[in-house]
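Here the protein sequences come in this chain order: A and B. Count along the first sequence from 1, add 7, and you get the number used in the working numbering. Count along the second sequence from 1, add 26, and you get the number used in the working numbering.
Treat the hints loosely; a few may be bogus.
[To be verified] Here are the simulated EDC-like pairs of lysine to aspartate or glutamate, each with C-alpha atoms no more than 16 Å apart in a straight line: (1) B:K154 to B:E103; (2) B:K192 to B:D96; (3) B:K877 to A:E91; (4) B:K837 to A:E68; (5) B:K837 to A:D70; (6) B:K334 to B:E425; (7) B:K808 to B:D847; (8) B:K815 to A:D60; (9) B:K428 to B:E331; (10) B:K815 to A:E51; (11) A:K46 to A:D70; (12) B:K689 to B:E657.
These are computed hints drawn from the structure, not numbers from a lab.
Take a look at the letters that make up each chain.
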Amino acid sequence: MAAVNGYAETNNTTAGPNAAPAKQPLPPAKTVDSQSVLKRLQSELMALMMGGDSGISAFPEGDNIFCWKGTIIGSKDTVFEGTEYRLSLSFSNDYPFKPPKVKFENVCFHPNVDLHGNICLDILQDKWSSAYDVRTILLSIQSLLGEPNISSPLNSQAAQLWSNQEDYRKMVEKLYKPPTA
Amino acid sequence: MEVSTSSAFNLGILDTLTDDSIQEISGSYDGFCAATEALLNGAGDLSVGSEFVAHVHALCKHGLDSLVRDHFLRALEETFQRNGAFKFWRHFDPYRGSSELQLKNSNIGEDEVQEVLCKALEEISTEKQYQEKCLLMLVHALQSFKDNSSDGSHNSHSERVHLFSKYQLLVSSVLMASLPRHFPEVLHWYFKESLEQLSTIMAGEFDGDYDDDESEIQDKDDMALDERSKGSYGAGKMEIDESSIQGRFSENNKLVKNIGKVVRDLRNLGFTSMTEDAYASAIFLLLKAKVHDLAGDDYRSSVLESIKGWIQAVPLQFLHALLAYLGESTSYEDVSSGLKSPLASHPSSFYPGSETPSEGLVRWQLRLEYFAYETLQDLRIAKLFEIIVDYPDSLPVIEDLKQCLEYTGQHSKLVESFITALRYRLLTAGASTNDILHQYVSTIKALKTMDPAGVFLEAVGEPIRDYLRGRKDTIKCIVTMLTDGSGGNSNISGNTGDSLLEELNRDEESQENTGLDDDFNTDDKQAWINAIRWEPDPVEADPLKGSRNRRKVDILGMIVGIIGSKDQLVNEYRVMLAEKLLNKSDYDIDTELRTLELLKAGSELGDTALPMDILDATILSSNFWPPIQDESLVIPQPVDQLLSDYAKRFNEIKTPRKLLWKKNLGAVKLELQFEDREMQFTVAPVHAAIIMKFQDEASWTSKNLATAIGVPVDVLNRRINFWISKGVLAESIREDNNHVFTLMEGMVDSSKNVGNSGNCEELVADDEGEKSVASVEDQLRKEMTVYEKFIMGMLTNFGNMALDRIHNTLKMFCVADPSYDKSLQQLQSFLSGLVAEEKLELRDGMYSLKK
Numbered sequence: 008m009a010a011v012n013g014y015a016e017t018n019n020t021t022a023g024p025n026a027a028p029a030k031q032p033l034p035p036a037k038t039v040d041s042q043s044v045l046k047r048l049q050s051e052l053m054a055l056m057m058g059g060d061s062g063i064s065a066f067p068e069g070d071n072i073f074c075w076k077g078t079i080i081g082s083k084d085t086v087f088e089g090t091e092y093r094l095s096l097s098f099s100n101d102y103p104f105k106p107p108k109v110k111f112e113n114v115c116f117h118p119n120v121d122l123h124g125n126i127c128l129d130i131l132q133d134k135w136s137s138a139y140d141v142r143t144i145l146l147s148i149q150s151l152l153g154e155p156n157i158s159s160p161l162n163s164q165a166a167q168l169w170s171n172q173e174d175y176r177k178m179v180e181k182l183y184k185p186p187t188a
Numbered sequence: 027m028e029v030s031t032s033s034a035f036n037l038g039i040l041d042t043l044t045d046d047s048i049q050e051i052s053g054s055y056d057g058f059c060a061a062t063e064a065l066l067n068g069a070g071d072l073s074v075g076s077e078f079v080a081h082v083h084a085l086c087k088h089g090l091d092s093l094v095r096d097h098f099l100r101a102l103e104e105t106f107q108r109n110g111a112f113k114f115w116r117h118f119d120p121y122r123g124s125s126e127l128q129l130k131n132s133n134i135g136e137d138e139v140q141e142v143l144c145k146a147l148e149e150i151s152t153e154k155q156y157q158e159k160c161l162l163m164l165v166h167a168l169q170s171f172k173d174n175s176s177d178g179s180h181n182s183h184s185e186r187v188h189l190f191s192k193y194q195l196l197v198s199s200v201l202m203a204s205l206p207r208h209f210p211e212v213l214h215w216y217f218k219e220s221l222e223q224l225s226t227i228m229a230g231e232f233d234g235d236y237d238d239d240e241s242e243i244q245d246k247d248d249m250a251l252d253e254r255s256k257g258s259y260g261a262g263k264m265e266i267d268e269s270s271i272q273g274r275f276s277e278n279n280k281l282v283k284n285i286g287k288v289v290r291d292l293r294n295l296g297f298t299s300m301t302e303d304a305y306a307s308a309i310f311l312l313l314k315a316k317v318h319d320l321a322g323d324d325y326r327s328s329v330l331e332s333i334k335g336w337i338q339a340v341p342l343q344f345l346h347a348l349l350a351y352l353g354e355s356t357s358y359e360d361v362s363s364g365l366k367s368p369l370a371s372h373p374s375s376f377y378p379g380s381e382t383p384s385e386g387l388v389r390w391q392l393r394l395e396y397f398a399y400e401t402l403q404d405l406r407i408a409k410l411f412e413i414i415v416d417y418p419d420s421l422p423v424i425e426d427l428k429q430c431l432e433y434t435g436q437h438s439k440l441v442e443s444f445i446t447a448l449r450y451r452l453l454t455a456g457a458s459t460n461d462i463l464h465q466y467v468s469t470i471k472a473l474k475t476m477d478p479a480g481v482f483l484e485a486v487g488e489p490i491r492d493y494l495r496g497r498k499d500t501i502k503c504i505v506t507m508l509t510d511g512s513g514g515n516s517n518i519s520g521n522t523g524d525s526l527l528e529e530l531n532r533d534e535e536s537q538e539n540t541g542l543d544d545d546f547n548t549d550d551k552q553a554w555i556n557a558i559r560w561e562p563d564p565v566e567a568d569p570l571k572g573s574r575n576r577r578k579v580d581i582l583g584m585i586v587g588i589i590g591s592k593d594q595l596v597n598e599y600r601v602m603l604a605e606k607l608l609n610k611s612d613y614d615i616d617t618e619l620r621t622l623e624l625l626k627a628g629s630e631l632g633d634t635a636l637p638m639d640i641l642d643a644t645i646l647s648s649n650f651w652p653p654i655q656d657e658s659l660v661i662p663q664p665v666d667q668l669l670s671d672y673a674k675r676f677n678e679i680k681t682p683r684k685l686l687w688k689k690n691l692g693a694v695k696l697e698l699q700f701e702d703r704e705m706q707f708t709v710a711p712v713h714a715a716i717i718m719k720f721q722d723e724a725s726w727t728s729k730n731l732a733t734a735i736g737v738p739v740d741v742l743n744r745r746i747n748f749w750i751s752k753g754v755l756a757e758s759i760r761e762d763n764n765h766v767f768t769l770m771e772g773m774v775d776s777s778k779n780v781g782n783s784g785n786c787e788e789l790v791a792d793d794e795g796e797k798s799v800a801s802v803e804d805q806l807r808k809e810m811t812v813y814e815k816f817i818m819g820m821l822t823n824f825g826n827m828a829l830d831r832i833h834n835t836l837k838m839f840c841v842a843d844p845s846y847d848k849s850l851q852q853l854q855s856f857l858s859g860l861v862a863e864e865k866l867e868l869r870d871g872m873y874s875l876k877k
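Same shape as in the complex, but just chain B (with noise of 0.2 Å):
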């Protein structure tokens, strides 16, 4: 635009040109490139001005004022080119190619870098500030220049403004032209630097606040800021009113004002972006490190507030200082002032010396606290498994992860790192099911508290639940821990005290009390708030799951769920409900009951209607009960007698209802008195009958002492084994073969039976093969027997058979009692359980019948 205007001016006027007029053209403005030479050369010496002015002035006249401006900016551009660049980045020659890593290394470059940072800058400063001055005066020459001719009109502000911005403008294209590629590098180590100095001084102030253990960056530090910092400290302890924030503010001061200095120096450069990703990159890394610090491997306490806490005292101090310091520039304001955060409306208020934090500020805080939250996050993702190993104990940082994640949202970040650390350290061959189990528990509570919907949850638990379905012993585990918390199986690896089933009933309760409370409260008010109190579901939620199933995290439900089929469980647990009958010796069946009022209650609350009422009505009919191991047993005379004798009268006072004993169950209590001791037992029947018949004689071959019993060989020699390991009996083999065993009178061994020795009661633990009810497994045999049969008559008949139609045809004809309802691919590893026994063969994916 102005090029054009100005040439279209020269040639108008060149028709009317002289001689003369062309010699004083000539001859002012070779003075003027004199002038102009000599006063930017002149390092101060502002002599030549009058000169210039004149020069200019002849010029202008001649309409040439528009080449009077380009040369002097040319000539400018030159010289700055010459003394300012080029001298600045001379400073910087010697960290050339050094990487940021070496000078972190090097600890002599320091200081070093700050010094020679602010010696440059102060150098290319003055430079730019004279260059300022000789520019002001063309434009004072200018101007005069129009104040003299008539046509006053030309503003002389917008003369000066257009000039200068100019000149901005000239400045940083030069210095990005020569920018060398470390020079970032630089600037962000010096941010780096003078941060962690200013850090170590506010730290040693928070960490009074804070009580906290002193941060790794202290130690870094040299002796001298050790000192400062600890004296610090000692004021931040003894009392945290203003006068002491504002003695540790000014105690900062010098070395924020010189950082701003920095700041300043740089953005008139035009280094404006550049500063702010240095000390921008900088903070963050700061509060990186600062975060990784604070949050440790102990789970067992919340940092949020720490890191909040820390973000308010260091960094947000610092750019506070900063920004009051460069007086609030407009930079902030230019990038986005329409953006402004909701969360703006209510910051903290905790800023020392300023009543109302600005805007940039608050967006500062924002922007750090996310990244603190973000790295958090990551943090506890990544060691979430661990997190819920501990998870009672691990409950604080659980709910700063939740803070976290309400922050960022970044849930299904969670998910998926939580299921690969799943399947890898959990969902492996060695881990117990108990164990697995425990922590599926655990992760439903974990995950409960982080996210009450339960859409996570749902995600999580399916691959642990997929595993588990594929475990045998997964039924058994399962009502183990939900009957009987603490004791009966050994194997079980959690902590004594209540049933995970008491667990659940007691958050049931509660819940469903606030459940009643609502309900009694229903007027507008109350009603008014439940509606604030709705939440959406998280975005993640799959709409096709109803949203209505996830208002309450049902965990009998996700439990039972892992099993199946409801009627597994209760057949599990029908079957340790009667062995734990049979195995009491008093009538007390309280925490039974209980039980099996819980699991009712439960499985109404919940989603999974489990056929419960069965076992209600297991005590009283034989129908209910699991097939039971019927084992002939010849008890003693007198014990006999008083059964009988009992029976009778129970006939007789219950006509016509009789009582047959089943009497190689239930428990036997027994105290047994030798010479030198006594001894007390609980037992089983069949215990109780052999030793019973050693007190008529002391010892018995095994043949005869199992027909005294009325019991097989095998049986006996099983079952006596109880007796020889509490060494009561010892065995012995005579020279026709047959086993003896003689009743220990007197302590043979006495290092042996200490342990027993004395009144000590023990409960047989009841090895396998020794239960009274046929369990799960025997059932599960017994239903595989069936097929095995059906498949062998189907076989007979039709030669040869594919899976599909083995499995097509038990689905059809077998069902009956026990209904045919496995799949596929337990039939497929269920036939060749059966080739491997040699029952049948395999030939091209035919079965039939091995002859």
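Next comes chain A alone, as it looks inside the complex (with noise of 0.2 Å):
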């Protein structure tokens, strides 16, 4: 057990991309992680708050810091500026090991975001590392808005239309529905 706890705390403190061994079992790591995810949230949310981003933004919902709500605004010189999308982002104790599942939560009209907001990107997906936190995640989703991959579409009708910029705005506009609180 002792064995395990001290795997456990070096496992902690070097929370690197490459830092799990793929020998050893995972389960215990999972049970005594919570804590540690706490904290690392915790400080996330720290130098999110102090790191003055501008046009993202995201805070934990209620009570549970495994929730937060996540704020991003369209940038400048694209089709997308001067909209808002908020985002809800789920932690889950794997975290920072897992990705956090994240969604659109109005309307995006964007190649990679389907309907119900879910959110094609690699980086949340297999292309995930502990490295990454919730502000790269916001940044990399505020520069997908105006880089789509349009190789891999969710929305095959925005990766039609993405080449003429003039009507997506116009698409944009139309279907833009600015976050309620």
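Hints are included, so try docking the two chains, each in its own frame, into the full complex.
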């Protein structure tokens, strides 16, 4: 038992992308980790608040630090300029070894976002690394808005329209609903 | 009883009556009536006596003795009403309707009232004595009849007692029934006047004894009395032996005898309680005036003893004389003979002319002293605020008050009144925090003297603490006060001397020393003494608060209690300590060490365990220093060279340690030499760097100078003001809008610089923004910035939020350093600040971002 604990300890402190040895079984790590997940999320929140990145923000919802609400503002000089999108982020106990589930809350007309708000972004799936954090997720999604991946669309209509930026802008404005509180 | 038996007796003999006997009865009854009439109105003429006796005998023979008694008494009553009461009251008619105030104002009436009262009393007493003589005659007549008739079983004595008590009742009921409303006032006034006269005479003596000022009463009196009192004043000063007291006593004897006579006469007329009320109230009035007179607004001397002395000297002597004259009337014993006060067993020994004071006198003394204590206590409580303002000087008065309270037990009165005074006079926006703190400390000390258990202190201290918590600069003032009593902070109003902390610790030490003594002598004897010394908590003590906490009044604890959190105190002290250490040019940190040790000791002694360990490490580790304001500064080349040389050597000796200079911190001693003068300064490095530049060039533009010493132009402009104000540099503005500073070589404006010329060493008073260490306010602002960012963050994502939701969210998620520890009210005021800055909007109780 002591050995396991000792392992968990080191595992927590050196939270690098390749810190988790493949041989070690994961279940014991899962149970011990919720405390360290809490700490990590808290420090991420602190960093996010103090970071002062413009156009992105997130905050835990209610009394649960595993559920966050995020806000992204469409970058300037893109078709999404002037829009604001609300996201929901839900973290698992395995965070940061597993990515959080991120969804759009209000309609986003985007090639990589489906009608339910699901996002197709590599770093939220197979390319995830524990070096990413809430801030980088939000920044990635913000840049995804301006630079969609047309090759693997979730919304083919949007993917087709993307080439015509003027019409696309009109479509975005037509479908845009500002997030509600 | 009497009537029913006699009527039954009458009915029995009615049958046996003959005409003759009826004749005889009516004849002798008429005769009896006439004789009674003649006797009572006879004005001393007792010639009808034998006739009267014969008629009485005749009537008694027929068993009509009760008729005789009733008729005679009725006749007495009528006569008394006519000759006694009516005439008596008529004497006082001139005073009818005039209030006491008017009597006081009319000086003419002064002696008149005395005379009138004496005369009236004399008259009515004569009348009464005469009537008593007549009554005695009846008693004798009845007696002689009984002696003649064979049944001598009747007790002559009981007959007399019975009749006389009936008569006494009759007299007082007649007088009471016809009592004019102003008579008690006349009596009261009479006693007041007499007592004042008496006290003037005695006060002369008394003042001689106590070396006091002349009393006010004395001033009011006329010349004759004044002279007399002065005569006795001299006598009293010469010697206060038995004979002098005796002499003074006889001098007053006449007056006392007069009063005594009046009192006795009044008592005879059945005015016992009214008389007593009158002279009691007169005595109390006089005592009250005396207490007010003695206890002026000077709080540096104790007055309790002189008041007690006065009570002994004046009212008690009067009462003593009065009681002696009246032969220790039974009226006192009647009232409460069983209720002998425990204090009465050891009365004071100052009773001239009597070995053991009577119980009545002792009771009077207790009454008077209680009254005096209460009066003085009320007086002092009303002025307690001023008394505490003068605290160390007013200690005698506080001791007085303590004694009074021990006697009267009206502590709650003190607490209530003092809290009201505090609210009204101290806890206002106009009072400076320093003043409030000083008053608080004085209050603690003063109340500690009065009530070592500290129960009332708790009640009184609470409003002050609450108020101080609402002030921003409280912590700073407290720390300043604790650590440096004399200087440093120029706005400290206290006197120079040790810091409060040193003072407190001296007390603590002495307390502890006695504690140690206790520990050393833990033999049975000592334990017994300790047990005897134990006192119960006052009744007012709140049992919930636990009595153990109260054993020692912990001033440091009470002051730290204001702040609420000890961390804040430590923080503020840390900043201050850092500032002090940085400004030292030598390595003499003894005082700082001492203060630190005292703080630690204090925190151990008290209930407040200050986390002072932090302070221990302060000097060693940068982690424990408060954030230091980093300011770039290029210091002059020669000095820089010296510093880096030093750092290099340090590195050589202490490898692998390196010395990194914080070049903008510290203090520099400067000596400026001009053509005609020398000046010395102790300044901050930046000031020194500025002035050093003028060694090479006499004039600099602000831009160039700022570049040369490596600080921003605005900082330079602010810092350079110091030298301009000293008259060392002059500022001028060139055409290209550049500020130019020129060295003032020679005395250009001598009048301005007079104060600074020659050898003057000045410590630069850092104004705000020039502190080398971030102040607590800065830290607080920084904290608030964090909160602001969090609030912005949550509002961005949640749109709008109510106050308590923001509060709860902050509490939940703002947990890292600095964690959120503000109250809802503090948050609200912070939010309204943000609303004012137009960062937020408040609509229907919901905060949202201002778009």
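Here is how each hint holds up against the structure:
1. Taking the CA atoms of K154 (chain B) and E103 (chain B), the gap is about 11 Å. The hint holds against a cut of 16 Å.
2. Restraint check for K192 (chain B) and D96 (chain B): satisfied, since their Cα atoms lie roughly 10 Å apart, inside the 16 Å limit.
3. Proposed proximity of K877 (chain B) and E91 (chain A) is supported: the alpha carbons are some 13 Å apart, at most 16 Å.
4. A threshold of 16 Å between alpha carbons decides the hint, and for K837 (chain B) with E68 (chain A) the separation of about 13 Å falls inside it, so the pair holds.
5. At roughly 10 Å between alpha-carbon atoms, K837 (chain B) and D70 (chain A) fall within 16 Å of each other, so this suggested pair holds.
6. Pair hint K334 (chain B) plus E425 (chain B) holds up; C-alpha atoms about 15 Å apart against a cutoff of 16 Å.
7. Straight-line distance between C-alpha atoms of K808 (chain B) and D847 (chain B) comes to about 14 Å, which keeps the hinted pair within the 16 Å bound.
8. Between K815 (chain B) and D60 (chain A), the direct Cα distance comes to roughly 11 Å. Compliance with the 16 Å bound is thereby established for this hinted pair.
9. Distance restraint check for K428 (chain B) and E331 (chain B): the Cα-Cα separation of roughly 13 Å lies within the 16 Å cut-off, and the hinted pair is therefore satisfied.
10. At roughly 14 Å between alpha-carbon atoms, K815 (chain B) and E51 (chain A) fall within 16 Å of each other, so this suggested pair holds.
11. In summary, the hint linking K46 (chain A) to D70 (chain A) is supported, as the alpha carbons are separated by about 15 Å, within the 16 Å threshold.
12. A C-alpha spacing of about 9 Å is found between K689 (chain B) and E657 (chain B), which places the hinted pair at or below 16 Å, so the restraint holds.
Going through the hint list in order, the structure satisfies each hint without exception.
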